[in-house]
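Enquirer: The residues making up each chain are set out below.
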Amino acid sequence: MRLEAVSKSYSHRGRMVAALDDASLEITPGDFVAVVGPSGSGKSTLLLVLGGMLSPSAGQVFLNGRSLYDLSPNARADMRRKKIGFVFQTFNLVPYLTALENVQIPLFLAGLDEATQKQRATALLERVGLGDRLDHKPPELSIGEQQRVALARVLANDPEIILADEPTGNLDPETGQQILDLLAEMNREGRTVVMVTHDPRAAARAKRTLRLQAGRIMPTTN
Amino acid sequence: MHLRKLVWREMFERKNQLATSFLAILLGIAVVVSIKNITFYSEKAVAAQLDALGANVLVLPKSVSLQDYYSADMQNDEFPEEYVNRLALSDLQGLDNLSPKLSVPVKLKDRGFTLTGILPKSEFQAKAMWAGAGIFSRPAEGCGTVADVPGAFRPEAKEMLVRQRVIEDLTDTEALIGADVAAILGTKEGDRLDVLGRSFTVTAVLPQTGTVDDSRIFAHLHTVQELAGKGPVINAIEIVGCCKEISGGLVQKINKLLPDAKVVTVTQVVDTQVKTNGMMARLSLIFLGIIVLVGGASIANYMYANVFERRREIGTLMALGAGSAVILKMFLLKALLLGLAGGICGYILGTVLAVALGPRLAGIPVLPMPMLVLWAVGISVAIALAASYFPARRAARLDPCATLQEM
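Residue numbers (my numbering), protein chains in the order written: chain Y, 1 to 222; chain P, 1 to 407.
Please keep in mind that the hints were generated in silico from the structure rather than gathered at the bench.
Not one of these hints is a red herring.
Pairs of lysine-lysine residues, derived as BS3-like cross-links and limited to a Cα-Cα distance of at most 27 Å, are as follows:
| # | chain 1 | residue 1 | chain 2 | residue 2 |
| --- | --- | --- | --- | --- |
| 1 | P | K107 | P | K230 |
| 2 | P | K230 | P | K262 |
| 3 | P | K101 | P | K256 |
| 4 | Y | K83 | P | K5 |
| 5 | Y | K83 | P | K329 |
| 6 | P | K15 | Y | K137 |
| 7 | Y | K118 | P | K329 |
| 8 | P | K62 | P | K101 |
Residues of chain Y placed beyond 12 Å of chain P at every Cβ, according to the derived structure:
| # | residue |
| --- | --- |
| 9 | A5 |
| 10 | N64 |
| 11 | G129 |
| 12 | P173 |
| 13 | G190 |
| 14 | A204 |
| 15 | T209 |
Think of the CB as a built atom: it goes at the ideal place given N, C-alpha and C, for glycine as much as any other residue.
Based on the provided sequences and hints, a complete structural model is requested.
Expert: Right, here's the structure in full:
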């Protein structure tokens, strides 16, 4: 995954705001990168640009050697379904579906039959310790359990890259540790993990840390 | 998980909002189904009443007035029986029943009666069928046709003669007699009756009508022509014509076909029927317009609100790899289900209303019309899909980033 001189600016109340400013970056397969920086520094924008969700104002983003934003929106959606998994701070589970059905969504989008969907989703929920919560809807689960359902959903299509936006931001320290353990485990399996965080302890779990300041990538540490 | 399940679950998640749109389309469809159902049976009932009045078009000799005909029904003027064939073999639309007649005075037990020759329908119907054309080779759909009404009363032979002026079959030696004839002569069904030297079997005694028909003896036209020594002539053709066609110039067309005869019609009754039919049709259209506007606006409003409320969910689905086609299908499938449910339930409610209120409002029995379910579902689904198309397209074109605001 590679960013080449990527800039992204927004117009806010008639003023142009640079969320990313000439950012270049290379993330190799199997890397675990923490992105840190103050609020408004462009961390989430970087994650969206990497995930093919937000086209940059300038520069290019490459995934497996292909320019992501030269693809059509539907081809990018296809790419996300096959290669990228998103973890959100507020989990973004579909509230009217059970835990099992939430994990089935990516599998349904991939066109798998219902029996296979159920089998894989059940195995993934068991892996994150929620084998006894299959038929619970999100409001019936604790916050930590909801984030674990979201992690099981991310793994459904076996993505190469996991993009996590403040995955422990809404969790208590103990539950946060469990989620970080799961992300580390996914990384050990060979997946690339890019995690935006404010929490220095979470950042410490990554192999390297990128610091963003006013949209610019500062020299790396670790 | 599949698209149907996703849509189904979401619909029941937000049932209160859905209920308003569902009610709008349900009530609209119910009202129109109800009007259509009552109108159909009302038209048939008016047609049956019109039919009960007897003929609404008369073909008479040029010199005879309508007043002469109703007061005496016997004139010296006649015209050829071949006129009946001309009508039967013509391609005129709206002719329902034809009844040619020849009336001659007879004396029985020193009392004066009228011997009326009539031609059974089966005879000229057969002629038209042999020719492979003409009015009886077409299915009857005139407003005078009562036999097609589901569940409607089917008259027996003697009532057919009194009400529709025709009889299906009548042999050379059979006769039907009016109520006064039967009372005066003391004749019953099955008795024999001698008229002008010919012996007839009385096959039916007609019910009292209060008209000149009570003093009539009906026999086969050709027998009466032979007994009267008049040859193949008649002095009237009574026609039950369809009102719509009559107002559309049927009289003028018959006049053109039979230039030596006079054609008259009971126009007032016909006009009233046509006006009533037209008014109901317009009322139905107005209500249809109201459903399209109110139902459509309600669904569109609901769908726009639903898209706005679900933008985070849409963004999540897009992040998980859903393309715009999946999002579009998700909303259109929801509209389809809403339209199907609204159409089917609207049909059921409308039918129940029509069956329950028809007798009270229009004074007529109303039966369910299963073919209206297709109409109701078709309209309802079309409105729901059309009203949801733009909201669905908006959902499919949402910017996934803007929908995931916390990122």
